[in-house]
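Asker: Given only the sequences and the hints, what does the whole structure look like? Please build it.
There are 2 protein chains.
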Amino acid sequence: MSLEGSFSKLTINDSTAPATALKALVFKSKTKSGAKPIVVVGLQETKTPANIIASATESKEPRLAKNEYFAQYFKIDDATKFNLSHLENSESEFFVVVDSSISALSEETIFSTNDDTIKFTKKSLEQYINSLSKADVKVIDFSKIPEASPITKTKKDPAATPAKKDSSSVDSKLIGVTVKKADDFSAWYQQILTKGEMLDFYDVSGCYILRPASYAIWEQIQRWFDAKIKKLGVQNTYFPMFVSSKVLEREKDHIEGFAPEVAWVTKAGKSDLEEPIAIRPTSETVMYPYFAKWVQSHRDLPLKLNQWNNVVRWEFKHPQPFIRTREFLWQEGHTVFPNAEDAQEEVLQILDFYADVYKELLAVPVVKGKKTEKEKFAGAVFTTTCEGYIPQTGRGIQGATSHYLGQNFSKMFNLSVESPLGKDHPKLFAYQNSWGLSTRSIGVMVMIHSDDKGLVVPPRVSQFQTVIVPVGMTNKTSAEEKNKILDTAAIIDRRLKAEDIRSTADFRENYTPGWKFANWELKGVPLRIEVGPRDVKENQVTVVRRNDGKKTTVSLDKLEEEIPKLLEEMHWDLYNAAKEKFDSHRVIVDEWKDFVPALNGNNVVLSPWCGVEECEEEIKTASAKKNDGENFEEDDKAPSMGAKSLCIPFEQPELKEGAKCVKCGEKAINYTMFGRSY
Amino acid sequence: MSLEGSFSKLTINDSTAPATALKALVFKSKTKSGAKPIVVVGLQETKTPANIIASATESKEPRLAKNEYFAQYFKIDDATKFNLSHLENSESEFFVVVDSSISALSEETIFSTNDDTIKFTKKSLEQYINSLSKADVKVIDFSKIPEASPITKTKKDPAATPAKKDSSSVDSKLIGVTVKKADDFSAWYQQILTKGEMLDFYDVSGCYILRPASYAIWEQIQRWFDAKIKKLGVQNTYFPMFVSSKVLEREKDHIEGFAPEVAWVTKAGKSDLEEPIAIRPTSETVMYPYFAKWVQSHRDLPLKLNQWNNVVRWEFKHPQPFIRTREFLWQEGHTVFPNAEDAQEEVLQILDFYADVYKELLAVPVVKGKKTEKEKFAGAVFTTTCEGYIPQTGRGIQGATSHYLGQNFSKMFNLSVESPLGKDHPKLFAYQNSWGLSTRSIGVMVMIHSDDKGLVVPPRVSQFQTVIVPVGMTNKTSAEEKNKILDTAAIIDRRLKAEDIRSTADFRENYTPGWKFANWELKGVPLRIEVGPRDVKENQVTVVRRNDGKKTTVSLDKLEEEIPKLLEEMHWDLYNAAKEKFDSHRVIVDEWKDFVPALNGNNVVLSPWCGVEECEEEIKTASAKKNDGENFEEDDKAPSMGAKSLCIPFEQPELKEGAKCVKCGEKAINYTMFGRSY
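Residue numbers (my numbering), protein chains in the order written: chain A, 447 to 1124; chain B, 447 to 1124.
Be a bit skeptical, because a hint or two may be false.
No copy is singled out in the list; a pair is fine if it fits within one copy or between any two copies.
What the hints assert, rightly or not - Distance condition first, Cα-Cα at most 27 Å in a straight line; then the derived DSSO-like pairs of lysine-lysine:
#1 Lys-1025 / Lys-692
#2 Lys-943 / Lys-805
#3 Lys-943 / Lys-674
#4 Lys-713 / Lys-763
#5 Lys-692 / Lys-716
No lab work stands behind these hints, which were simulated from the structure alone.
No experiment lies behind these values; they were computed from the predicted model shown.
Answerer: Structure, rendered in structure tokens:
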């Protein structure tokens, strides 16, 4: 501690001077033990939301510290007596997060500590803070929307801010991901999404911005799936996003499933609405009264409608980009058949399409199966699903679901047709399906393929499939040679585009090739095509695969042939690598003693099971990690919670004669896949 | 009046019997003078919304009648003393709308009149009502969503319910439109949309269901426009639908324009939100804080984003399908440029695309121009627009708008880049545009082309372009001949589909060709292709154009050549007919005395104008039709209201030297197009 920094020396003694009170708050990062304490220094009126502090300090869910913490770090027992002068006491490193509103005030401003015991000028405050050798200082504008990336504005994120003229020599590591996938999966996930410019955080919690790089993936999924269902005779439609409470609540099981998550509009302009109106969490009850009206005869069947739309499920806990969001995009198909067989055939056909979206487009392996009674869709007779697996967390993740609703809704909504036997016979209620695939699929894809360098996007859906980067130009390169390189790059870009390859070329000046490489790796473009002096001379290019960095030399004469091949290869390499991981972490467990250890080993398990709902509950409870005493919140989706059934896979291991349920020991009826899950 | 129908004879005399009170309400239809009175008979607790009554009786905005009306029709002076027994008194026809909840009660139920003066059984009520010779009785389920079509459920709408086995002989007129376009434009519009299965009414007022026939049109528009803007380098994105009030209110002019129409979410599940959250009415304030974050250098410009999404503007008055709805679909483009020139060039480029959507896809002529200061977008520097015209009402209608925002928003949101001159120079605020085209365009198209037989959909956007109908098969037709006809029809359908013509074939049995013709005319399919015995023999088909019924014989050898030609011809015929109407009803008016008469002649007018906002206000007031004393509500969009400026057309009549403003007599600065409008 330098002498001039001692706070007492910088203070003024005029106790009558009018002063602006500053608060100094100490936060503790939630999970990282040994994480640096965070001191927030701000105007009294400045709100200092935890998420902004978290983002500024790259810490997780910071909370106000308790007395012990003050004692440990700042040598003061009573937190209420803490003020800025105690920062000198710290022997370990800590963050100081300074409210930028302070800088906006004039140099002459006089401040006081919260307890009004010490007064000081703005200048001496700055001097003091700068003198704190253990302090890692950030200046934050708390009035701004939280930064998307955990890199703060004071330490400008070069990925978001790449373009200063004098930044050409910037260390390429700086633009990259600063957290490893294996170390802090959740922070890594946020970084690669935001730095890869796929998504940004938004100032309404649980809502996210889909930037072009992710929306383009959604468009690929839409195009593929839309063509598939249109061939089945499905037509697109659009129903309103608002539902009256009366209609929403018509099917009781269904509304019980959704009620806690429904967002309600109660005001328009300054007027209160007569009745609150819900925003659809899904559209069964929105659509089916009209289906009932439109369908009068068996000749009106089948009725097959689909819509691409947004829905809202106001979940309060643990939002996660793509995976668990308050608003999301999806398609929802709603079909009506005169008999159960046709409906059930379609349910499985659609499930196959969903599995193919994962396998053929996103290079993600899934397991198809049926949900248990406990986990099925609210109001369905049965739910089929494709389930994925996230290796780092060992958790299962639901990919998409296709529901057979039977007559549950048709009876509620009187969706019926006359009996073919005549008017005197009872009306026949229709058989229905509903099925949905959402933008969650993009999150699954990102979690599975991406790495410590950033996004890895499978080629069939990537916004850009190839990026051409001119390389090897130095001060010694002649203008002619340089032009030749740039022209060749441009020609390659055009030739690939002519083949319907989504190509782009990076001609930005003031960036080194190394910076560009890192930048495009961050964005996950499948193939980088380097064009340098030697390539030009040899009529070739060097192609580098994003997933494994493998370099290939491709003759320009074979460009149109080789690039699509490399893209295809990469797709299947990604898929096979992911499949290998899923396959090796889907283990058969016949005895309960091996169940929790298998989960803890990041596996999902296949176990013989009795099919009884109470037993499923018990498995969940018994496989939960124990409450660690601090900040424990009960939440189904937290990893600490127990395993739930993911599905009863269609592809079953052979169930031995007399096999017993893994938990209760009663007769097992099948192998069910269990796992901790999202 | 038959003797047994006299109500007094049917009543019971046990005044102590517990009875269910019935209400009897009398409604008067709003506009049609001489329309039949409407008596609603229902349980006390049944809500009887005016829209359901309107739909059941095909009347317009029925309202509770006043004393005079009771006196006139039911010979009782005091409305409060009216009860069921007075129905006998009527000498003119009237509706009785009976609440179907009454039928649900047991035969033994005893009812009383509202005033409890008369008691009677359910059976005697039925007997009584059936005895009223002047009564047109409807039984209505008030708990159901209002019927889409003004045809009630009791008199089943065969368009929605086409398929009873014994209905093959149904009069083809019955399925058609029962109101003429020239007689009641608004009722006609509703009927053709609902009977043509383009749209259905929804139980949240102001929201409508886009059925496949209209959504398919939207998909055509999307495909076309999306390709155009992607060529300009625009990328698609998706921002959340929710906006915090703080962000929404950042730009003051802007929020003033939208505040009264904003829908607010205040609850989720059973919890109140800490702060109400708005649903986007448009996304300027949703997006621009993030633009400000992403754009750091002039190298990040231009930034060109677009989204296809839903927005909500909670207008309280006069919703109209497609034209004025609380939720609608649109695209909104938001672009950022380093200078004003590039931004302004794009604004006009986009406006050209919009005009082409109308002309090239929807066959609708529009006039391009600039909005006046009064009518420009809230927050824009200037707004460009393409304006259409609805001949039947003589009203102008805004087609789509493209706004140059200048630096208005960039200054608010600090969307700036460093000066190219260096860091020491002030930052440069960016120049922005926003532009939007909505599903309103479909409504404009429908209003303009459709006719008394139903929808007429221009071929380039129609869900189906051709419908093949087998004809001429009678009882005498041999099985062989019949098969030949059906096979030929199927082959034609396949051949057209192979040419990417959106074809369908109507093989439904139990419908006569005549019924099918009417049904497909209702739906507006551009070309009907008839295949009959003679056609088969002569290797030809008969093609009938929807717009004018013109028949052409086309040799099967030339099918692939001739059908596209006919479709193209039809497109331009529709366009030219509409253009002729618009051109002949866009009249130049130089003097005020001719202004209102021109408007009253269903014209929009081009007048020399001074450009002053107050003068525009005066024009509006002075051209309003006078309050007729009854039920007069002030509403900008009602036809009775005055003319507003539609745009200052880019194509200007020559303004004479020294021309005076049509209203105030000051110097005119241009010709401005005025009209009553939607």
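Asker: Indicate, hint by hint, whether the structure satisfies it.
Answerer: Comparing the hints with the structure gives:
1. Proximity of Lys-1025 to Lys-692 under the C-alpha cut-off of 27 Å is found in neither arrangement, the shortest distances being 46 Å within a copy and 47 Å between copies.
2. Only within a single protomer do Lys-943 and Lys-805 lie at most 27 Å apart by alpha-carbon distance; the minimum there is 25 Å, versus 31 Å between protomers.
3. Both within a single protomer and between protomers do Lys-943 and Lys-674 lie at most 27 Å apart by alpha-carbon distance, with minima of 25 Å and 17 Å respectively.
4. When the C-alpha separation of Lys-713 and Lys-763 is checked against a cutoff of 27 Å, the pair qualifies both within a copy, at 25 Å, and between copies, at 16 Å.
5. In this assembly of identical chains, Lys-692 and Lys-716 lie within 27 Å of each other by CA distance both inside one copy and across copies; the values are 24 Å within and 16 Å between.
Checked against the numbered hints listed earlier, the structure breaks hint 1 alone; every other hint is satisfied.
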